[in-house]
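Protein chains: 2
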Amino acid sequence: MPRFDVISQGEELLSGSTVDTNAGWVCHELAQIGLEPGRVTVVGDVLDDIRDVLGESAARVPVVICTGGLGPTSDDLTSEAAAAAFGQALATNAEALAQVEERYRARKREMPPANRKQAVLPTEATVLENRLGTAPGFRMEIGGAVLYFLPGVPYEMKAMVMEHVIPELRARFALPPRRTVVIRCMGIAESVAAQKMEGFERAGVIVGYRAHMPEVHVKLHLAPELDGAALVLEVRERLGNVIFGVDCGPLAEVVGQHLRARGETIATAESCTAGRIAAALGAIPGASDYLLGGAVVYSNAEKVRQCGVDPDLIAAHGAVSEPVARALAEGIRAQVGTTWGLAVTGIAGPSGGSPDKPVGTVHLALAGPSGTTHRKISLPFERERVLTFTVGAALDLLRRTLEGDT
Amino acid sequence: MPRFDVISQGEELLSGSTVDTNAGWVCHELAQIGLEPGRVTVVGDVLDDIRDVLGESAARVPVVICTGGLGPTSDDLTSEAAAAAFGQALATNAEALAQVEERYRARKREMPPANRKQAVLPTEATVLENRLGTAPGFRMEIGGAVLYFLPGVPYEMKAMVMEHVIPELRARFALPPRRTVVIRCMGIAESVAAQKMEGFERAGVIVGYRAHMPEVHVKLHLAPELDGAALVLEVRERLGNVIFGVDCGPLAEVVGQHLRARGETIATAESCTAGRIAAALGAIPGASDYLLGGAVVYSNAEKVRQCGVDPDLIAAHGAVSEPVARALAEGIRAQVGTTWGLAVTGIAGPSGGSPDKPVGTVHLALAGPSGTTHRKISLPFERERVLTFTVGAALDLLRRTLEGDT
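Chains as they are written, first to last, in the working numbering: chain D, -19 to 386; chain L, -19 to 386.
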């Protein structure tokens, strides 16, 4: 198997102020098509360091993916380092300049003079279009190696790997085409999924796992002659209803499609998540078809005012309790007049926990035409993770109810 | 400044199934005491790869921190790789064996025979105690370089860095500390910030930039004798009030601190952002001190019901308009009874735009004790970015108002 190296550039990665998630993603995707990861190297914004590692990787492996350092500022040094590493001059690349200018035209903004720098490339580089940002990428052939230079902004980099790098590498190394089926799950840990999938691999089937909080993705990489649908059914037998979709968008999109298809509507009432569930639904284009509104009810007074929760209920059971969750869901449903009312109340931490109700205690409730469903979950994590998993669990309660499986 | 390399070992890091957070942490901690990060390299569980990178780093820099690969299983290869890299034999180290055995005794467990492997070290290695796990670490002196081999389990590794590595390196190099000042900005592009900062660098001052959407961070890396406060003032003269804080948390935390200090409260009314502003405020621990509640008003009916917006106003101006934004802010403030009402209505796209009101048209309004402020912004981006920058702009309108600068 041909090996590849990844080089992640950026002072913020080296200083530890940003965690490098790009390199792992690139390793994963390139391994999927049949390449073997060699080294990942992180370097700062130091010209000689970048130059050296580029030269070393190009001498060692046939494929090098380099991310970051394509911006317009003086600490963006990739182009200069690549030119130095491989003895090329730097010049403004007309095609790259046209792409940068076009990106600004499309945004109806004037291009700052600094951005001309993004079109200055090693003379023998070929440009790679970046549809999502101003920094064009580029490709160099050095000896037997191909080097790809991509922006560090994750979603720009990912799109360019998919559009340019993977198709080219497939062709270059005549890698057998593999189909990848992505099975998206909510409510299962990656390690548990892996355990349940033990022994599933067979000729033409490679299984990969990816935690994408709060989701877990199980990927089947299939030889083209295999029946994907039958294999997915087999996976369903192993994993059950934690699977919310196959080759689909995020859970908020899946529940949105359900709601749109049924002509139904939803409103949310959120305490600890403070709008995050509504925002997840609203992040999906066209959400206004089914998301009518919602209430952020951080204070008890707002729980009473916006959702008509009986203050005595809060006094008797506490704001984080099953009765209050149910009252929130039923209240917001009645107030907004939607098919569904989805509510959450919990303790996100770091403070506010008690022996009785520790941090991570969350009550979910879904009110609908046939009554109200409640779930209590325990998420022994830090605040951000509690909130992320609460959104996932709330949307999954809705999904399971819409699919008739509670 | 002496440089250091970090080597992170483990197939799970290279495959992308685990994100390497160790390396960034080590870089950060060692930079604090005055060492300069050189490279971070991630390698898999391949003996030759580990051996090579150890040899290369030891030849290049005077300090190498290597994490992972000290476990008892066959894919834990660090000790073997270090011996091979530096031409030493392997032997059971009596001190290391005593530590492993003691760890099991303390846990009242029998030591599995496999764990004897954890005490097999290069002959010239010296043992480093691991108080928190079974794998002892070790130290090697190779030429002018010192190499530390630490476990990959983060909390074990971190304790050992604090207990062994940092005190030793402090003594070894006796270097003055270097300071990094992070100046956080909202409402300026990275390239524009860099343009305004041109020529700022001088002896002892290095400037770095980092886009952290929707924020931009300008970092000053300073020699210890320089006056950080005076330099920050100089930066303020160049960048102006896009600076929302220095060495602080995210904007939502900064506005939260302002509100808490003033004993004031806030409620939100969100159309296109669908709860994202409230969620950003609610992500900060202790937000319940000032965030009372909010309304997600996706539908026009909810704008009327929750915020008392006059339906005729919507009919006359459209939901995305200055009058409606103002009415939302004033309405939610009155309904919840807060000091501040923050509202947003806009077109996030991809559909819903018109020549008059293209995608990315957003109206912000902030109602407060002295009246209502309005801002219209244009964000010619895709949906996700429109929403991200809208949250930033809304919180920044609040921040500027609280600081008396609108």
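If you're looking for bench data, these hints aren't it; they were derived computationally from the structure.
Please note that the accuracy of each hint is not assured.
Remember, identical chains collapse to one label, so a pair may be satisfied in a single copy or spanning two.
Calculated lysine-lysine pairs in the BS3-like style (CA-CA distance at most 25 Å, straight line) [claimed, not checked]:
| id | residue 1 | residue 2 |
| --- | --- | --- |
| 1 | K337 | K138 |
| 2 | K199 | K97 |
| 3 | K88 | K176 |
Review point. Which of the listed hints are broken here?
Key: 1
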